[in-house]
Amino acid sequence: MAGHFKKKQAGTKQEVPTSAMPDVVFMLLFFFMVTTVLREVTLKVKLDLTKASNIEKIEEKRLVSYIYMGPERLPGNQVGEDKVQIDDAIVDDIGAIRNLMYEKLLLEPRLIVSLRVDENSEFELLSNVTKELQQAGTFRINYSTKRED
Amino acid sequence: MLLKKKKREGAEINGSSMADIAFLLLIFFLVTTTINVDTGIGMVLPPPLDPNVEPPPIRERNQMNILVNAQGLILMDETPVQIGDVRLKLKEFIDNPNDDETLSVSPEAAIVSLKTQKETPYRIYIDMLDEVMGAYKELRDEASRANYGVEFARLQPDSPQRKQIQDMYPKKISIAAEEN
Numbered sequence: 001m002a003g004h005f006k007k008k009q010a011g012t013k014q015e016v017p018t019s020a021m022p023d024v025v026f027m028l029l030f031f032f033m034v035t036t037v038l039r040e041v042t043l044k045v046k047l048d049l050t051k052a053s054n055i056e057k058i059e060e061k062r063l064v065s066y067i068y069m070g071p072e073r074l075p076g077n078q079v080g081e082d083k084v085q086i087d088d089a090i091v092d093d094i095g096a097i098r099n100l101m102y103e104k105l106l107l108e109p110r111l112i113v114s115l116r117v118d119e120n121s122e123f124e125l126l127s128n129v130t131k132e133l134q135q136a137g138t139f140r141i142n143y144s145t146k147r148e149d
Numbered sequence: 001m002l003l004k005k006k007k008r009e010g011a012e013i014n015g016s017s018m019a020d021i022a023f024l025l026l027i028f029f030l031v032t033t034t035i036n037v038d039t040g041i042g043m044v045l046p047p048p049l050d051p052n053v054e055p056p057p058i059r060e061r062n063q064m065n066i067l068v069n070a071q072g073l074i075l076m077d078e079t080p081v082q083i084g085d086v087r088l089k090l091k092e093f094i095d096n097p098n099d100d101e102t103l104s105v106s107p108e109a110a111i112v113s114l115k116t117q118k119e120t121p122y123r124i125y126i127d128m129l130d131e132v133m134g135a136y137k138e139l140r141d142e143a144s145r146a147n148y149g150v151e152f153a154r155l156q157p158d159s160p161q162r163k164q165i166q167d168m169y170p171k172k173i174s175i176a177a178e179e180n
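Protein sequence lines correspond, in order, to chains A and V.
Just so we're aligned, residue 1 is where the first sequence starts under the working numbering, counting upward by one.
Just so we're aligned, residue 1 is where the second sequence starts under the working numbering, counting upward by one.
The hints are simulated quantities; they were obtained by calculation from the structure and are not laboratory data.
Cβ coordinates follow ideal geometry from the N, Cα and C atoms, glycine included.
No incorrect hints appear here.
Derived lysine-lysine pairs resembling DSBU-like cross-links, with alpha carbons at most 35 Å apart: (1) A/K146 - V/K163; (2) V/K115 - A/K104; (3) V/K137 - A/K46; (4) A/K51 - V/K171; (5) V/K118 - V/K89; (6) V/K115 - A/K57; (7) A/K104 - V/K171; (8) A/K46 - V/K171; (9) A/K83 - A/K104; (10) A/K61 - A/K83; (11) A/K44 - A/K57; (12) V/K137 - A/K83; (13) V/K118 - A/K146; (14) A/K104 - A/K146.
To list a few chain V residues with every Cβ distance to chain A over 12 Å, as calculated: (15) E54; (16) R59; (17) L75; (18) D99; (19) S106; (20) A143; (21) D167.
Can you build the whole structure from these sequences, using the hints too?
Right under this line is the structure:
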């Protein structure tokens, strides 16, 4: 019986092997590096999002395509008229949105169009863009807003 | 000399600081990446209208006309209301608990028609849409809690329960710019 107690005491000098620690951390690192999307669009329009309280999150970020609407940014901290920006370019011809969005829809049939609209822009522009989206067949839309506290 | 060389062969690189370096990198990426989740009001647009096909007739009592002008003044079925009262009035219209002759026949038949002027700022339009969404959310939550004891948002996606509540209160919202 005495032998049993001695055996237990011998275990006090054990150490946890830490040689695998860097591997674990590197795995985590790679996971974060791969999952984060760093691609940011340079905004050519001024954008202040409005707030709403009854909102939902878009879980599938891959499906989302953005349309930006707001006053155009001009050199010298000035702003011009309300413009529409898709991807990296300003679209002057509203009628061209139809084809642009239709091509995106062909690539991703479950496309969600997120409309990021400046809070002071007028409804008419949004209404015209919405009509184009209807023609393109991209019916799932999302009015992007911030959360109201 | 010979003895010294043998000693060198047995030397090892201390790898314990590797973990620290990796942790530093990890923390750097954790801090710098902003996982900004896109939030907003989701909608499904109706297909474009065919000019050759007459739209189906809608009974007057099933449709709630909301008009918002550029100053943010609201008309609900020709009566002016404050934005704080919109939600309650909408819930009453959709649910119609007292079987009022002027309100919707049933929640399934209710249509909310939102009309704004062309000059209306986006902010006012979203405030209005937010109230409409809020009314539907409260109704769905009430129904969900009564039937399943949980809020609507907690029901599993694509579950029959969720489908049933959605069918009970379908969001029929029509949005248009006022022609003038």
